[in-house]
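Sequence lines, in order, name chains A, B, C, D, E and F. Read in UniProt numbering, the first sequence has 23 at position 23, and its numbers run on one by one without any break. Read in UniProt numbering, the second sequence has 101 at position 101, and its numbers run on one by one without any break. Read in UniProt numbering, the third sequence has 5 at position 5, and its numbers run on one by one without any break. Read in UniProt numbering, the fourth sequence has 39 at position 39, and its numbers run on one by one without any break. Read in UniProt numbering, the fifth sequence has 94 at position 94, and its numbers run on one by one without any break. Read in UniProt numbering, the sixth sequence has 32 at position 32, and its numbers run on one by one without any break.
Wrong hints could be hidden among the right ones.
Copies of the same chain look alike in the list, so a pair counts if it fits in one copy or across any two.
[What the hints assert, rightly or not] With a straight-line cut-off of 27 Å between C-alpha atoms, the simulated BS3-like cross-links for lysine-lysine are:
| # | residue 1 | residue 2 |
| --- | --- | --- |
| 1 | 5 | 28 |
| 2 | 133 | 28 |
| 3 | 59 | 48 |
| 4 | 58 | 35 |
| 5 | 133 | 48 |
| 6 | 5 | 59 |
| 7 | 48 | 35 |
| 8 | 48 | 28 |
Since the hints were made in silico from the structure, they are not lab data.
There are 6 protein chains.
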Amino acid sequence: MALRKDRCMGRLAILLLFSDDSTEHLAKLEQSNWKGCTGKVGSMDSQKIVAAIETAAKKNGIIQPNVYRESHALYHAIIEALHGVTRGQVQLGSVLRTVGLSFAVLRGNPYDNEQEGDWIAVSLYGTIGAPVKGSEHETIGLGINHI
Amino acid sequence: MALRKDRCMGRLAILLLFSDDSTEHLAKLEQSNWKGCTGKVGSMDSQKIVAAIETAAKKNGIIQPNVYRESHALYHAIIEALHGVTRGQVQLGSVLRTVGLSFAVLRGNPYDNEQEGDWIAVSLYGTIGAPVKGSEHETIGLGINHI
Amino acid sequence: MALRKDRCMGRLAILLLFSDDSTEHLAKLEQSNWKGCTGKVGSMDSQKIVAAIETAAKKNGIIQPNVYRESHALYHAIIEALHGVTRGQVQLGSVLRTVGLSFAVLRGNPYDNEQEGDWIAVSLYGTIGAPVKGSEHETIGLGINHI
Amino acid sequence: MALRKDRCMGRLAILLLFSDDSTEHLAKLEQSNWKGCTGKVGSMDSQKIVAAIETAAKKNGIIQPNVYRESHALYHAIIEALHGVTRGQVQLGSVLRTVGLSFAVLRGNPYDNEQEGDWIAVSLYGTIGAPVKGSEHETIGLGINHI
Amino acid sequence: MALRKDRCMGRLAILLLFSDDSTEHLAKLEQSNWKGCTGKVGSMDSQKIVAAIETAAKKNGIIQPNVYRESHALYHAIIEALHGVTRGQVQLGSVLRTVGLSFAVLRGNPYDNEQEGDWIAVSLYGTIGAPVKGSEHETIGLGINHI
Amino acid sequence: MALRKDRCMGRLAILLLFSDDSTEHLAKLEQSNWKGCTGKVGSMDSQKIVAAIETAAKKNGIIQPNVYRESHALYHAIIEALHGVTRGQVQLGSVLRTVGLSFAVLRGNPYDNEQEGDWIAVSLYGTIGAPVKGSEHETIGLGINHI
Chain A
1 MALRKDRCMG RLAILLLFSD DSTEHLAKLE QSNWKGCTGK VGSMDSQKIV AAIETAAKKN
61 GIIQPNVYRE SHALYHAIIE ALHGVTRGQV QLGSVLRTVG LSFAVLRGNP YDNEQEGDWI
121 AVSLYGTIGA PVKGSEHETI GLGINHI
Chain B
1 MALRKDRCMG RLAILLLFSD DSTEHLAKLE QSNWKGCTGK VGSMDSQKIV AAIETAAKKN
61 GIIQPNVYRE SHALYHAIIE ALHGVTRGQV QLGSVLRTVG LSFAVLRGNP YDNEQEGDWI
121 AVSLYGTIGA PVKGSEHETI GLGINHI
Chain C
1 MALRKDRCMG RLAILLLFSD DSTEHLAKLE QSNWKGCTGK VGSMDSQKIV AAIETAAKKN
61 GIIQPNVYRE SHALYHAIIE ALHGVTRGQV QLGSVLRTVG LSFAVLRGNP YDNEQEGDWI
121 AVSLYGTIGA PVKGSEHETI GLGINHI
Chain D
1 MALRKDRCMG RLAILLLFSD DSTEHLAKLE QSNWKGCTGK VGSMDSQKIV AAIETAAKKN
61 GIIQPNVYRE SHALYHAIIE ALHGVTRGQV QLGSVLRTVG LSFAVLRGNP YDNEQEGDWI
121 AVSLYGTIGA PVKGSEHETI GLGINHI
Chain E
1 MALRKDRCMG RLAILLLFSD DSTEHLAKLE QSNWKGCTGK VGSMDSQKIV AAIETAAKKN
61 GIIQPNVYRE SHALYHAIIE ALHGVTRGQV QLGSVLRTVG LSFAVLRGNP YDNEQEGDWI
121 AVSLYGTIGA PVKGSEHETI GLGINHI
Chain F
1 MALRKDRCMG RLAILLLFSD DSTEHLAKLE QSNWKGCTGK VGSMDSQKIV AAIETAAKKN
61 GIIQPNVYRE SHALYHAIIE ALHGVTRGQV QLGSVLRTVG LSFAVLRGNP YDNEQEGDWI
121 AVSLYGTIGA PVKGSEHETI GLGINHI
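Let's have the full structure, built from the sequences with the hints guiding it.
Laid out in structure tokens, this is it:
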């Protein structure tokens, strides 16, 4: 039932955000039986962050759009990742701050046991701060859920 | 006032946790004018996580133990990182879960502008789950504060 | 000072939401010295949920509109019920989700002791999910306050 | 993809708590392809609430104890239900309050679409208040998750 | 229905904490139809803060101990005041911090309208910080509720 | 490292809000080596509260507008003060409530030790309630940060 060291999907989803060439990086992950996608979104509106990630995951076939359990799993992984980014209140514009984020979604089984089935990881990395250029610091978030 | 790309301390603090040889990795960071330390802590008791990081940072001279503003900066960075790890309530044992974490603390100036002075980053990476071996998934957190 | 089993107002307020004929159901409750009202509201805007319940309670004479202590008691009962519905952040549209809710407000004394005076219960039941038909699951909330 | 009216598992899980004869009530639910269990737990220690529900669900075969994804699904449903009960901070003794709760766990597919697979509902109903007999009011919580 | 300027009970409850001679100060407030008490409590255990205030309010006859609605009103005022003190998570020792607080409880009607009846204010003022002398800064909280 | 009794900046920042003549009061504080400013803001929009305080602090030279660490320190002090005002969720209009607040910002060193450098206090006092005249009670908040 243990996590396989070479299949730590949270670590992989973060490294994907840090890579210089995410296309090539993703191609390698796909060879190891992961499905994934990446994207960028900047907004003071938390709703748009959620929408951008959901849209990318559906467009790239990471989740099946017409099966609610898959959207539900992804949604909670996104909100959990946003907790890391916002650290206290899942709010952006309403407390006068904005984010510029890269995101990745990764799907596969990180466990030894096949019965564990697919899990989904959402990673976020970028900056958070005042809506003034340069008045910002880095921020990171990771959400993991069974799917 | 912008973040210097090669001095993104949050990214560096996370990569330090992912490195195979953190001693060597830290040595390189010190050559780039960062001060840092790493450690490990596992507990159901959130208090012990905070204490382990504070102790390591003081022992390794990352912060001055007798200047409260430095402890205050570190403390808030730790709590912010714990938000990413716990995603909702900064609670572990009281909601029957436990963590096994690596942590890193990094200190330096990530900005172009010298006036920005020192900032501190606390990164956390490991697993969170039930107090049963294998019943856990990965978790990550990052807190950044001026010091 | 104990709760009277036949006067558990939280239970009654929930059953009122589940009943097929809430008008008849309310009529019976009124014979047992409860005042109450029911309604429906669907929105991505949490403000509208609060407003719909407050308006219904005032229009139906459950609270006195010109006595602030009564509005104050109702307001806190509503927010507490919304905690059960939202489970973490009292936010809907800002985290890209919507609700379709039935609500009930019930007023009376659930305790043996007459000195306990009136209490107010707000119950909520319905669905929460993505703003896409069918992408939702059930949700419930109950807030109880002295009035 | 819609919820089937006769299969609203949240509503069913709450009604199970309100029934006079939960054994008979459960037997009927099992005839409609639900798996379920009920129990009681009273404590100032939130950890014990979580443990009691997890233990009952495993003992009664509602979830497979050796498959982490099932424990993970149940755990999050429990914590979501506790949000309804605690309304703000998932804390009991640490803010000097105690609960006496009935709980139910129900598993099955509430949707028309077979692809939605199994979902799990955790319902909680009882009293919350000061650790003084009678100084308490009712409280309710519901958590629903895909499994 | 407006607040009477000379009867702003929150302001009065805070000034009571700042006064050099709280006994004399309280005596004056009692001449203006307020009931009140003050005290001190220091702890890493949030439960003890709640208990100390409840005990003082009951001992000094600010609330009737055998009427639950009065304890309920006081309890929520205390928790609201603790939000100001803790600013995020109502936790002390579990996140390795401690408080040294003065508290005041004040009861009376701050409104023009007699129908508003009695309200209760809980004010807290002191220091919060690491369990190390001097590693602390000031903190304040105010909770107001109808009773 | 202890707080100097005559330099408790949180207490001073609150008293500034209570004073009848804040201009004269501020002048005295400036003679004791504090920098400060005061203002008023009323809104259902939490973003406007944050903006009003930031603007006042920059216009009055309390913080340097082009040094991010100073804005960062002020921002977190504001959000902490808002926790005291909102007591649970840092939300106003989205939960149908509004505030009318006086604010003060104070900067200086409250500690014996010169090495502690400057700290910043943000104090808030006013009313919170429904967007209906008179349906409101007092509220207070204090945030303190190193700068």
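Evaluated hints:
no. : hint     : result
1   : 5 - 28   : both (17 Å within a copy, 25 Å between copies)
2   : 133 - 28 : neither (35 Å within a copy, 30 Å between copies)
3   : 59 - 48  : within (16 Å within a copy, 33 Å between copies)
4   : 58 - 35  : within (12 Å within a copy, 32 Å between copies)
5   : 133 - 48 : both (20 Å within a copy, 19 Å between copies)
6   : 5 - 59   : neither (30 Å within a copy, 31 Å between copies)
7   : 48 - 35  : within (23 Å within a copy, 37 Å between copies)
8   : 48 - 28  : neither (29 Å within a copy, 39 Å between copies)
Hint compliance for this structure: hints 2, 6, 8 are broken, all remaining hints hold.
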